[in-house]
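J.: Okay, here's what each chain looks like letter by letter:
2 protein chains.
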Amino acid sequence: MPDYSAPTKDMAYVLHDVLKVQDLPTPGYDDLDRDFTSAVLDEAAKITGEVLAPLNVVGDTQGCTLENGVVRTPDGFKDAFDQVKEGGWTGLDMPEEYGGQNLPYVMGLALTEMLSSANQAFAMYQGLTHGAAAAILAHGTDAQKSTYLPDMINCNWTGTMNLTEPHCGTDLGLMRTRAEPQGDGSYKLSGQKIFISSGEHDMADNIIHLVLAKIPGGPDGIKGVSLFIVPKFLVGDDGSLGARNGVACGSIEEKMGIHANSTCVMNYDDATGWLLGTEHKGMQAMFTMMNEARIGVGIQGLAQAEVAYQNALTYARERLQGRAVTGDENPDGPADPLIVHPDIRRSLMDQKSFVEGARAFVLWGATLIDQAHRGKDAEALGMISLLTPVIKGFLTDQGYDMTVLAQQIYGGHGYIEEHGMSQFTRDARIAMIYEGANGVQALDLVGRKLAQDGGKHVMAFFEMVKSFIKDNADIDGMEPLLTPLKQASKDLQNAGMFFMAEGMKNPNAALSGSYDFMHMMGHVCLGLMWARMGRASLDALANGTTDPDFHQTKLATARYYMARRLPATTMHLARIQSGADPVMDLAADQF
Amino acid sequence: MPDYSAPTKDMAYVLHDVLKVQDLPTPGYDDLDRDFTSAVLDEAAKITGEVLAPLNVVGDTQGCTLENGVVRTPDGFKDAFDQVKEGGWTGLDMPEEYGGQNLPYVMGLALTEMLSSANQAFAMYQGLTHGAAAAILAHGTDAQKSTYLPDMINCNWTGTMNLTEPHCGTDLGLMRTRAEPQGDGSYKLSGQKIFISSGEHDMADNIIHLVLAKIPGGPDGIKGVSLFIVPKFLVGDDGSLGARNGVACGSIEEKMGIHANSTCVMNYDDATGWLLGTEHKGMQAMFTMMNEARIGVGIQGLAQAEVAYQNALTYARERLQGRAVTGDENPDGPADPLIVHPDIRRSLMDQKSFVEGARAFVLWGATLIDQAHRGKDAEALGMISLLTPVIKGFLTDQGYDMTVLAQQIYGGHGYIEEHGMSQFTRDARIAMIYEGANGVQALDLVGRKLAQDGGKHVMAFFEMVKSFIKDNADIDGMEPLLTPLKQASKDLQNAGMFFMAEGMKNPNAALSGSYDFMHMMGHVCLGLMWARMGRASLDALANGTTDPDFHQTKLATARYYMARRLPATTMHLARIQSGADPVMDLAADQF
Chain A
0 MPDYSAPTKD
10 MAYVLHDVLK
20 VQDLPTPGYD
30 DLDRDFTSAV
40 LDEAAKITGE
50 VLAPLNVVGD
60 TQGCTLENGV
70 VRTPDGFKDA
80 FDQVKEGGWT
90 GLDMPEEYGG
100 QNLPYVMGLA
110 LTEMLSSANQ
120 AFAMYQGLTH
130 GAAAAILAHG
140 TDAQKSTYLP
150 DMINCNWTGT
160 MNLTEPHCGT
170 DLGLMRTRAE
180 PQGDGSYKLS
190 GQKIFISSGE
200 HDMADNIIHL
210 VLAKIPGGPD
220 GIKGVSLFIV
230 PKFLVGDDGS
240 LGARNGVACG
250 SIEEKMGIHA
260 NSTCVMNYDD
270 ATGWLLGTEH
280 KGMQAMFTMM
290 NEARIGVGIQ
300 GLAQAEVAYQ
310 NALTYARERL
320 QGRAVTGDEN
330 PDGPADPLIV
340 HPDIRRSLMD
350 QKSFVEGARA
360 FVLWGATLID
370 QAHRGKDAEA
380 LGMISLLTPV
390 IKGFLTDQGY
400 DMTVLAQQIY
410 GGHGYIEEHG
420 MSQFTRDARI
430 AMIYEGANGV
440 QALDLVGRKL
450 AQDGGKHVMA
460 FFEMVKSFIK
470 DNADIDGMEP
480 LLTPLKQASK
490 DLQNAGMFFM
500 AEGMKNPNAA
510 LSGSYDFMHM
520 MGHVCLGLMW
530 ARMGRASLDA
540 LANGTTDPDF
550 HQTKLATARY
560 YMARRLPATT
570 MHLARIQSGA
580 DPVMDLAADQ
590 F
Chain B
0 MPDYSAPTKD
10 MAYVLHDVLK
20 VQDLPTPGYD
30 DLDRDFTSAV
40 LDEAAKITGE
50 VLAPLNVVGD
60 TQGCTLENGV
70 VRTPDGFKDA
80 FDQVKEGGWT
90 GLDMPEEYGG
100 QNLPYVMGLA
110 LTEMLSSANQ
120 AFAMYQGLTH
130 GAAAAILAHG
140 TDAQKSTYLP
150 DMINCNWTGT
160 MNLTEPHCGT
170 DLGLMRTRAE
180 PQGDGSYKLS
190 GQKIFISSGE
200 HDMADNIIHL
210 VLAKIPGGPD
220 GIKGVSLFIV
230 PKFLVGDDGS
240 LGARNGVACG
250 SIEEKMGIHA
260 NSTCVMNYDD
270 ATGWLLGTEH
280 KGMQAMFTMM
290 NEARIGVGIQ
300 GLAQAEVAYQ
310 NALTYARERL
320 QGRAVTGDEN
330 PDGPADPLIV
340 HPDIRRSLMD
350 QKSFVEGARA
360 FVLWGATLID
370 QAHRGKDAEA
380 LGMISLLTPV
390 IKGFLTDQGY
400 DMTVLAQQIY
410 GGHGYIEEHG
420 MSQFTRDARI
430 AMIYEGANGV
440 QALDLVGRKL
450 AQDGGKHVMA
460 FFEMVKSFIK
470 DNADIDGMEP
480 LLTPLKQASK
490 DLQNAGMFFM
500 AEGMKNPNAA
510 LSGSYDFMHM
520 MGHVCLGLMW
530 ARMGRASLDA
540 LANGTTDPDF
550 HQTKLATARY
560 YMARRLPATT
570 MHLARIQSGA
580 DPVMDLAADQ
590 F
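Sequence order for the protein chains is A and B.
Take 0 as the starting number for the first sequence in numbering that gives the first Met the number 0 and just add one per residue.
Take 0 as the starting number for the second sequence in numbering that gives the first Met the number 0 and just add one per residue.
Bear in mind the hints are in silico, worked out from the structure with no lab data behind them.
One or more hints might be untrue.
Which copy is meant is left open, because identical chains are indistinguishable; a pair holds if it fits in one copy or across any two.
Stated by the list, open to error - Derived EDC-like pairs (lysine to aspartate or glutamate); straight-line CA-CA distance at most 20 angstroms:
{"id": "1", "residue 1": "Lys455", "residue 2": "Asp170"}
{"id": "2", "residue 1": "Lys84", "residue 2": "Glu95"}
{"id": "3", "residue 1": "Lys489", "residue 2": "Glu417"}
{"id": "4", "residue 1": "Lys222", "residue 2": "Asp327"}
{"id": "5", "residue 1": "Lys45", "residue 2": "Asp34"}
For reference, chain A alone in the conformation it holds in the complex (with noise of 0.2 angstroms):
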């Protein structure tokens, strides 16, 4: 069975040395001295090690299973997601008005982090309820947010995010889910949702639905969609649970992973539901959730790398296979551990540079969300805004290329499920689609985030290198990092310019682009981190640090990065380049 040991002294590198949140503006970081942050990710590593990864390969064996309309979850998950309700965990970074522990948002990514790492089916039960709080939060009235939140936060009451229907996925203006107005300020809902992650289990004592739906009349597409507060109970004034309303669990999904989440297909009968924000405005009240979710599921990605490559690195440390080219180096033994041979190592490396790098860079974006949400800070928000779609695309192709990456290194045993590393790959292939699939997050990137406030945020965001690399390059060891990183950060504006030029005349030269553009930023972004890392560890190795073994592997995992993942941007850019045609000619009919 794989072990999960989270990476805390990481988290407090990332924390501590390179963002140096205490030295931000952002209101509640002076707060996050070493000694805290490390007493709660500490914690956090217990009960996401000892009580939630070892019941990962339990959750993938033993499913979910539905009977009589009532979803059973796997052996242990109650008793695990008490232990996590009792720890506080699910409302760390909620307002202590509704009993959350207000901590920054950079604390909770750290701790999704770990949960995700840990089991990632059984985090979706408390990750989909934090999003659907933060939508109440946002969008709900006084008496919805006390209601319904104090419950939620505690995960007494779990919640779900419900859009796709069988016929419309990305498409929702197609939707046929109706709410028709009672006359008395509620709804009654019915229709058909899918793919509902959590939509119906045992371990809640109810489940609040935010449905996507029609009101009758209103403006046809996307424009006449709005937002409801559907509770499998119905809530009275008091808190207290009412009648069970009309909606109910028709089947679960069979799935290539996540199998201890229940994916259920929901059936809306003439359910009671209260508008959420505003008619009609219901994709604005949803993208607060979404938003959030798409950098959670971003996580996902670096989260199962991260487990992969803990397994991976162990099992190439202790198994004997082979002897090293350049002499034996464990003389004594039949062979020599494979992490002796070059190709382990490459892959090793290639796994190793990203979660570090990916790490450091979603805790970056998280201290501009906690930057934008306490510290009303629009140029934060631009930013993260423009970096969201990277996040959720970039991590989620790569981390699932990483778990693939750490199979490969047990042979034929990590194909079978013995070892628990095909879960790794089948539970981080979803990451991939949910939440907008990996495709429409480009779409995202390249229509709709480099042109917005007028491509304000991406020339702030080539500033900012630019900035970092001018500021640093008379550091000695540094220009082993930023060379390369001039490089790639040129050939991301060479493509942001192709798209300019040519874009105008033909809006897809663009967006046959996009997906290469969405991984180069990608490098570009991991490049800059590493080179933050960089230039972080050469001040604590300058300053006497009592544990220069750490930073010097922290720059050589840097000049890794940069010799051996950043020239993917030339690959990116000569894609771009060549434009629109080879990826259009063809009419459908002739593929």
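Given the coordinates of chain A, assemble chain B onto it according to the supplied hints.
T.: Relative to chain A, chain B alone:
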């Protein structure tokens, strides 16, 4: 449920328009006229599309079961196996002397693609038998051939390869299975083998295990390994089945995919076996089987990509979602089909250009094998020996990636098992591992094949690419294909030169880049095949073909490959040229 329709038209195009098999000097190729090959391909298409493909999901869902030592295959498998046997498909390219049809290997390989696309887990029962029979054909005594081959070639008996043990896979020198000589020409084998595909099942009267074991007192390590024939039931001189031998299936593995193929732990307990080939030269004999098997596994990558692509294409044409950015293309419908979107096209074109290029590549490889074996051509043998690790490693890596792309087009519907898209990725995953994990293929290519016979074969390869470019430089329409091919080939040569210059000083400098080199070379091979297809289609158009649309489509796809896929070589070259340091810098305990 997914569909499969064999790409017979494309196969005929490659055989006759591109490779022009009938013009080749290989013995037996003069019989391969279009009518004949079409008749064979069409019949093969029927049985694979109508009989095997419908059982693919059944096989995945039911899997194999082991009860009291008996492995039961999924419903319908035995009937289907009987139909395949009755059709004479199992011995298509085997000698007539033993009941085969004596067709060239290239025809057998076209069949292999279809079998794998239709039902990979099923195809393995026949595929491994074919490989085992080929080893007996090459290394067996006359008596062994007449005892085993007829019943293996008609698949009344099936075959297996027994290499791996719990503690050793790649490093077979560590193996512990012993073979004690009995003084009467027989041996008693004892030990445990794992991951034995088709090791036990209910579709054959007998199972002929080829088993690697050590004869006590022989040389240490891999040089003391011999190969044995160990039948499940002992075979009398008259071919009758006698006593059950001391070999049994201890358990079957739970795996990520190929559920319908039984992956067995085989326990040998004083099992009677006979030496195949020479004492202590077992690896040589096994390699006969393995080289063929590696090409067969390379095909599996292509085959899963092909069937996944076919279904993704249908879905992209039928699923209505969103509108084309350049204006509605289905104005009377609620939305446009997915295929209008540039990013969906990018994905489809990646898949299309891969599967068609890969098909040309492996069929070309098959003609080299025929020329080597039937034509006793040492140069062809050298070339296919060079290309074998590329076919295995590149086609299975890329094939897997393509199944992931195909699955992605389905969005959430690709993640649930209902549409069968998840199975294609889960089944394709094993091909990157078995018959030598792809890292081992890269090592074989760079560590052995490049330098084989003084580097003669790789030089012949470069010369072939160069000549093709030179010979076609003046043909109208070839320039957009030749310029990128020339660049990519130059990148590959530069990588080879880097290995020569640096690898002498430090072997890790070459081995750190082996994986990148394998992929680079794969791209150059597919680029060459696309250039050859481009030329063939330009000729067809110049000669007034009755199917201009087919050839225009080929040309557009060729341009796509050159513009969007070949630039990967620049990235691989940059990685390779960064040398050993980034990969090897860290000590094992620094990770």
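J.: Of all the hints given earlier, name the ones this structure violates by number, lowest first.
T.: Those not satisfied are hints 1 and 3.
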